[in-house]
Amino acid sequence: MKSSSILFFLLFSCIFFQVKAQNNFKEAFIINLENDTLKGLINSRSEFKNYNSCQFKRNGELTTYQPNQIHGFGFQQGKFYSAEIIKRKFVETLVFGDLSLYKYKSQYFLKKEGKTYKLQPKDNEVNYRGKKAVYEDKKC
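Letter by letter, the sequence shown follows residues -21 to -1, 1 to 119 in mature numbering (1 follows the signal peptide of the UniProt record, and there is no 0).
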C-alpha cells in the first residue's frame, strides 16, 4: 500500500510539473508580415525552442508562428527575436541600430547597411609541453 501511494505521488508530481513547465505565458508582442504590432501573450520557453517557433495567445486563441510567418516577436521589457537573419530560424536581437548584433545558439551575426556578417571565433594554436593545443579566444 505504501509503495503504491509513493508511486501515485511521483506520477502526479511529474504530470503537474510537466504541465506547469509547458505554459509560461508573458506579456509580449509579435510583428506580423504587414509590419503591424500585435500585443498578447507569448509562451516564454527555452531559448532553443524560441529559435524555432513562437506560441502567441491573443483573445484566448493560441497560434504557433514559424519564422516565415512573422518578422519577429518580443517580450515586454525582455528579449526580442527576429526572423530576418537566418532562414527558417528566429535569432535573438542583442543590439538594434545602424549596426545590429544577433545571436543564434553560440553563433553571432552583425548586420550593417542591409548586409549580414557571421562572426567567426578566433582559434589560437599554441605549443603546450611539446604538443599542439588550440584554444578559443572569447574576446571580441
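What the hints contain is simulated information worked out from the structure, not anything from laboratory work.
A few of these clues could be false.
[To be verified] Only pairs whose alpha carbons sit at most 30 angstroms apart, straight line, appear in this in silico DSS-like list of lysine-lysine: (1) K18 / K84; (2) K28 / K5; (3) K82 / K97; (4) K111 / K5; (5) K68 / K110; (6) K110 / K18; (7) K18 / K91; (8) K111 / K58.
(message) For each hint given before, does the structure comply? Return the numbers of the non-compliant ones in rising order.
(response) 4, 5, 6, 8
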